[in-house]
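Protein chains: 2
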Amino acid sequence: MNFIKTPVKGMPEKTPNQMVLREYIIRKIKDTYKTFGFMLIETPLIEHIENLTNKQGGENEQLIFKILKRGEKLNEATNLSDMCDCGLRYDLTVPLARFYANNMENLPVPFKALQIGESFRADRPQKGRYRQFTQCDIDILADETNLAEIELISATVNMLNVLNIKNVKVRINDRAILKAMALSCNFSEDLLDTVFIILDKLDKIGIDKVKQSLLELGLKQQDVDKYCAYFDGNKENENCDEKLATMLKGYIDENVIDNLNEIISSSKHLLQGKCNIVFDPTLVRGMSYYTGPIFEIELEGYNLSVAGGGRYDKMIGNYCSKNVCACGFSIGLERIISVITDNNLISLDSTNATAYLVSKNCSKEQKLSILQKANEQRSNGQIVSVVTKSNNVKFQKETLKKFGYTNFVEDRT
Amino acid sequence: MNFIKTPVKGMPEKTPNQMVLREYIIRKIKDTYKTFGFMLIETPLIEHIENLTNKQGGENEQLIFKILKRGEKLNEATNLSDMCDCGLRYDLTVPLARFYANNMENLPVPFKALQIGESFRADRPQKGRYRQFTQCDIDILADETNLAEIELISATVNMLNVLNIKNVKVRINDRAILKAMALSCNFSEDLLDTVFIILDKLDKIGIDKVKQSLLELGLKQQDVDKYCAYFDGNKENENCDEKLATMLKGYIDENVIDNLNEIISSSKHLLQGKCNIVFDPTLVRGMSYYTGPIFEIELEGYNLSVAGGGRYDKMIGNYCSKNVCACGFSIGLERIISVITDNNLISLDSTNATAYLVSKNCSKEQKLSILQKANEQRSNGQIVSVVTKSNNVKFQKETLKKFGYTNFVEDRT
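Residue numbers (the numbering used here), protein chains in the order written: chain A, 55 to 467; chain B, 55 to 467.
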């Protein structure tokens, strides 16, 4: 028989000491979002193949783990695409949309959802990129006002604060501003997605390479120069100022800019001392389903994005028989846990646990009295383990020490 | 586009109010087992197909959700069995065995593991039987003594107690006693599994039908009569008494009976007033991998088994290069949650949450001051939601009340 003792590639297993910190962090996240009125829900890990391949998820759709049909239905399948009826979810947004459509009549309006659960992507495994990973999403459905954006940002920065994560920077932009900047330079509408993909690389490739890539698309030199001037100098701004607003006039609804600036100024007020908030006209966010404000949280000094999101008013409605606006934040839980671990940001009290090491020839009576004592201590919340003493008791104790055991009691034999 | 708003059949989704109780219960379970020295681990939901189909899991193997290979590897596959390289786990025991083999050098001896996670079975969906469900397992690896059995039973009864579940009855038996009873009646060894499957139905079909089924196997009338006499009258006993021990002499190692009786008497002492503990010679437990004591917890009055387990000394070793004895308990988490819900065993304090209902034409300043006040209350641990006021505010409040909101504050407009 073939037994394989390593996990499937890219699928992490978690050891007891990893789990102690992980559990602590996840409980803190749940408890913090709970105070902001977010309600925990859970959706199945398996989703209808139709829902997963509906062209809303972009390139993630190529990364679906597909599940074979069973029994008769499999025998009836005549080709590959007919052999699968479901797959593992690749994000928490598709399941949320389905859940909301299925339960909306019994949910509050607006509905503030918190999900923490596993997602799967059949990616090529590489360092720091898993094929099974825990995602954490908060979403506010059916609130068309910027209260949604402000609450999402406020709750998430507070959550990071509770986890001792400092140097938090929130970048904010709006898809409508991105679009207006491009249109004001005579870029045609069908090129926008391509232009944004190039702009998204600005950080990595620099403004000259961005210019070159845009020219290669066949765009005119003077238009490209005008476009790149938007991002010249400091790409981080207090807010979307008068000057920019004037330049975009005619290409954008003025309310968009007011709305964005209110999100920025209100968040700044609410989160004084807890984070830095900037308007970043180069922020793109990958997913094409965003329709309004978009935001990303990075940790200064780490050059690491730990959360991202935005408004997506058109997607949930696909599952319902009416429009449902929505705004959400996806939290990079695995990254947050890494940052906390690597920088020792949370030091949990040593558990100060007790281990009774019982020899194999211990009398029944003595064993029972040890167990009784242990149960008393446990009922007071202490961590106590009663285990058989190993032949190599020194090594046994050393290993237990690595798991928080500091007190050892051996029976007399 | 085809969007399906109901979940995949047999895959439950959990609403906010279900999750509040569920979270409470799962945290209590984790916290209680933690005091007994069990350590939380997590293993991937996807497992190598070889590990899932190694004939250890019995009929569960027919219930595997198989996952299609990706890319080139799929194209190279020439037949159905070659198209899948992994599948969803159907229990937590196979992943535990793999995890232990992969990590044993860094784990304490004995190792006390707690797992709470999703398992999948491609069963025909029916009421109360899910195709995705949360399992909860505790296992003690590498302890050959009955300390393992006693700690497992003691911890689990205490856990049920913490969850306000009363009327707990623990049934205990030993596979060696089951075997000795059959051998003492001249049943041949190769018929044992079939005999046990019949005996397992005693509760449902009664002793006469058991006799009839055994006779249909070709067993002799006088042997069948002798066998069934073991289970005559009250099938529940204080312990494995002298009389039975004498009858089994020659078919069983005497230590087995001493061992079992110590588990029973010690558990009784430790759990006085918390449960009823009986020796039940008809207890079979389905899985053929059990090698010693087996046990099951039922709730008297509900006629419902909520946990079951036993010793399985041969299985973990398949993954390691040496023998590793093991003993475990599988907790029926979904059933426990149902019992608690149906009987209102846990009433969580009303959350007494506050909702600020903000009208759409509320001034920026007023909105900000509401948000500031809300954040202050949240930092004191209160649950506060700031949301846009609906057109139908009466309905909005009524819905929020169902989710624990009792205080409503509206801005003046």
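I should point out that these hints are in silico values taken from the structure, not numbers from a laboratory.
Since we're looking at a predicted model, the values are computed, not measured.
A couple of the hints might just be wrong.
The list treats identical chains as one, so a pair stands whether inside a single copy or across any two.
With a cut-off of at most 27 Å between alpha-carbon atoms, the simulated DSSO-like pairs for lysine-lysine come out as follows [claimed, not checked]:
#1 K418 <-> K456
#2 K220 <-> K258
#3 K82 <-> K456
#4 K328 <-> K368
#5 K427 <-> K289
#6 K68 <-> K328
Now for the hints, and whether the structure bears them out:
1. With identical chains, the CA atoms of K418 and K456 are never at most 27 Å apart, being 30 Å at best within one copy and 54 Å at best between copies.
2. In this assembly of identical chains, K220 and K258 lie within 27 Å of each other by CA distance solely inside one copy; the values are 24 Å within and 62 Å between copies.
3. With identical chains, the CA atoms of K82 and K456 are at most 27 Å apart both within one copy (24 Å) and between copies (25 Å).
4. In this assembly of identical chains, the alpha carbons of K328 and K368 never lie at most 27 Å apart, being 32 Å within a copy and 55 Å across copies at closest.
5. With identical chains, the CA atoms of K427 and K289 are never at most 27 Å apart, being 65 Å at best within one copy and 33 Å at best between copies.
6. Taking the closest pair of Cα atoms, K68 and K328 never come within 27 Å of each other, the shortest separation being 31 Å inside a single copy and 34 Å across copies.
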